[in-house]
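**Student:** One-letter residues, chain by chain:
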Amino acid sequence: NAGVTQTPKFQVLKTGQSMTLQCAQDMNHNSMYWYRQDPGMGLRLIYYSASEGTTDKGEVPNGYNVSRLNKREFSLRLESAAPSQTSVYFCASRNLGQNNEQFFGPGTRLTVL
Amino acid sequence: AQSVTQPDIHITVSEGASLELRCNYSYGATPYLFWYVQSPGQGLQLLLKYFSGDTLVQGIKGFEAEFKRSQSSFNLRKPSVHWSDAAEYFCAVGAGGADGLTFGKGTHLIIQP
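If you read the protein sequences in the order shown, they are chains X and Y.
Count along the first sequence from 1, then add 220; that gives the number in our numbering.
Count along the second sequence from 1, then add 32; that gives the number in our numbering.
Since no wrong hints were added, every one of them can be taken at face value.
Label-pair distances were calculated between CB atoms; the ranges are: (1) Ser104/Y to Gln237/X: 41 to 51 Å; (2) Ala302/X to Lys100/Y: 37 to 47 Å; (3) Ile41/Y to Ala302/X: 24 to 34 Å.
Computed footprint of chain X on chain Y; a stretch qualifies when at least three of its residues, placed anywhere within it, have a C-beta under 8 Å from a C-beta of chain X: (4) 63–76; (5) 130–144.
If you're looking for bench data, these hints aren't it; they were derived computationally from the structure.
Even for Gly, the Cβ is constructed at its ideal location relative to N, Cα and C.
Take the sequences, apply the hints, and build the full model.
**Tutor:** What follows is the structure in structure tokens.
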């Protein structure tokens, strides 16, 4: 039982390049989330998927797109990366009836030059 | 909209001393409240959570927190800290649905020998 996994762990991009961050969970959770963490800012919600087939914007969605590929996988895409998107990205998942507890992946550290 | 305030950016405590980390939240209904810990370069680990019932909740690693509705607070405490407790601590609030969590900006805990 790996929990929540994220790939890659580290990535360096040039401004304007695109990439997709991958997230998968093996806990059969319904809901999945993408957060970004910046120094002194805590974690901020980018997008979430309440259930397979649905996605919703969070606090800071601009510049990102998401895909809930199936129940296990939730990807985050940067179409044209900007230096302001340099951050650590965390994926999380939860299931109904677990009192809103979210389980987090190890994070992806992204640098945009 | 919900919000979380962690008034202390940094706290320094001597090993063996007691600890209290402050958290104030703003939320219209009864909140789901969480404390997470993050060691350098790592993901987030849940320390404890509150959603109803007893206002004093026990968590892992000897931590506890007390929910005080009248003060909109959920402070984290530990009677005697260990050097391994040095980390970043995040308080978070959530609603009962599939929405994501709202995090505070974090408190960086430094342990002096």
